[in-house]
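2 protein chains.
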Amino acid sequence: MADIKFRVKAKSESPTKTLVKARNFDIIVDEPADLGGSDLGPNPVEYVLAAFAGCLNVMAHLIAKEMEIEIKSLEIDLGGNLNPARLFGSSYDDRAGYKQIDVALKVDSNADEETLKKWVNAIEDRCPVSDNLQNPTPVKISLKK
Amino acid sequence: MADIKFRVKAKSESPTKTLVKARNFDIIVDEPADLGGSDLGPNPVEYVLAAFAGCLNVMAHLIAKEMEIEIKSLEIDLGGNLNPARLFGSSYDDRAGYKQIDVALKVDSNADEETLKKWVNAIEDRCPVSDNLQNPTPVKISLKK
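Chains as they are written, first to last, in this note's numbering: chain C, 1 to 145; chain S, 1 to 145.
These are calculated hints, taken from the structure and not from any lab test.
Heads up, some of the hints might be wrong.
Given that identical chains are not distinguished, each listed pair holds provided it fits within a single copy or across any two copies.
As the list claims (entries may be wrong) - List time: in silico BS3-like cross-link candidates among lysine-lysine, alpha-carbon distance up to 25 Å: (1) K5 x K117; (2) K21 x K99; (3) K144 x K5; (4) K99 x K140; (5) K5 x K118; (6) K72 x K99; (7) K21 x K9; (8) K5 x K72; (9) K21 x K106; (10) K118 x K21; (11) K72 x K21; (12) K140 x K21; (13) K17 x K140; (14) K65 x K17; (15) K145 x K17; (16) K11 x K140; (17) K118 x K106.
All of these numbers come straight from a predicted model, not from anything done at the bench.
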């Protein structure tokens with residue numbers, strides 16, 4: 001299959017608020033007041049979890065269809081801890097981002113436990129966001145004045 | 001500094017549409033029609049880019065303040081290619097996610113080029129989303145019936 005290109009265009013509207021255009025959609029990113037923001041939208045690391053949730057939902061249903069199992073309902077809780085010390089420049093001991101991301105898939109399905117384990121393993125392997133988080137993804141930043 | 005915990009709760013509303021709750025915010029994730037969705041929101045990998053854009057904006061301003069440089073305006077274009085073959089299960093040759101993420105920072109600043117290069121390097125090192133993409137992030141998925 002041919003690669004698909006995805007792109008967004010973002011504009012800084014304040015030191016914490018970013019307006020992102022993805023096709024015809026506007027995404028507002030901000031920080032909560034206790035992180036110095038104006039709290040007009042979820043913050044960047046919350047959007048990472050949201051992206052992951054959306055990807056897991058798509059993969060969960062696509063792979064369930066392949067495996068001929070029924071998903072009656074699916075809820076996904078995601079969370080992670082990060083130490084803001086590096087972000088704020090006060091210490092470089094910890095990494096900047098999430099140390100781990102915990103995902104709970106709450107599924108109502110007709111499949112047995114063993115089948116659901118195979119289903120989870122396939123979701124994890126084939127989900128693009130899972131891959132970009134779990135494995136190193138090269139980032140190339142260029143500067144344009 | 002103490003770790004901060006972030007979390008979201010997501011519910012599958014269709015095989016492609018996910019409603020994500022992040023604090024008091026609703027985030028709608030969907031797929032475009034050509035990827036089998038109902039196109040009611042950006043898709044998961046677009047949200048990854050949006051999260052990254054928002055994080056870069058916050059770090060850009062925070063570090064500019066530390067370096068005592070002025071950012072008059074900042075636009076950020078982000079893009080990446082991914083091969084959907086693994087997602088669709090037709091081939092496992094390529095990784096599932098973005099092969100690389102390209103970021104263009106368009107900045108209007110009073111700083112010289114050398115100073116801006118240091119600024120970009122610090123942004124890249126201290127941005128949580130940059131870290132979670134560029135370096136491996138453990139993911140733990142648990143299954144709850």
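Hint-by-hint comparison with the structure:
1. K5 x K117: Neither, since 32 Å and 27 Å both go past 25 Å.
2. K21 x K99: between (29 Å within a copy, 22 Å between copies)
3. K144 x K5: within (21 Å within a copy, 35 Å between copies)
4. K99 x K140: Both: 23 Å inside a copy, 11 Å across copies.
5. K5 x K118: Result: close neither inside a copy nor across copies, 30 Å intra and 29 Å inter.
6. K72 x K99: This pair counts as neither: shortest intra-copy Cα distance 32 Å, inter-copy 34 Å.
7. K21 x K9: both (5 Å within a copy, 24 Å between copies)
8. K5 x K72: The answer is neither: 33 Å in one copy and 30 Å across copies each exceed 25 Å.
9. K21 x K106: between (32 Å within a copy, 16 Å between copies)
10. K118 x K21: Answer is neither; intra-copy 37 Å and inter-copy 28 Å both fail.
11. K72 x K21: Between. Shortest inter-copy distance 20 Å satisfies the 25 Å Cα cut-off; intra-copy 33 Å does not.
12. K140 x K21: Within one copy only: 20 Å inside a chain, 31 Å across chains, cut-off 25 Å.
13. K17 x K140: within (23 Å within a copy, 31 Å between copies)
14. K65 x K17: between (40 Å within a copy, 16 Å between copies)
15. K145 x K17: Within one copy only: 21 Å inside, 39 Å across.
16. K11 x K140: Only inside one copy: K11 and K140 sit 19 Å apart there, 34 Å across copies, limit 25 Å.
17. K118 x K106: within (15 Å within a copy, 45 Å between copies)
Of the numbered hints stated above, those contradicted by the structure are hints 1, 5, 6, 8, 10, listed in ascending order.
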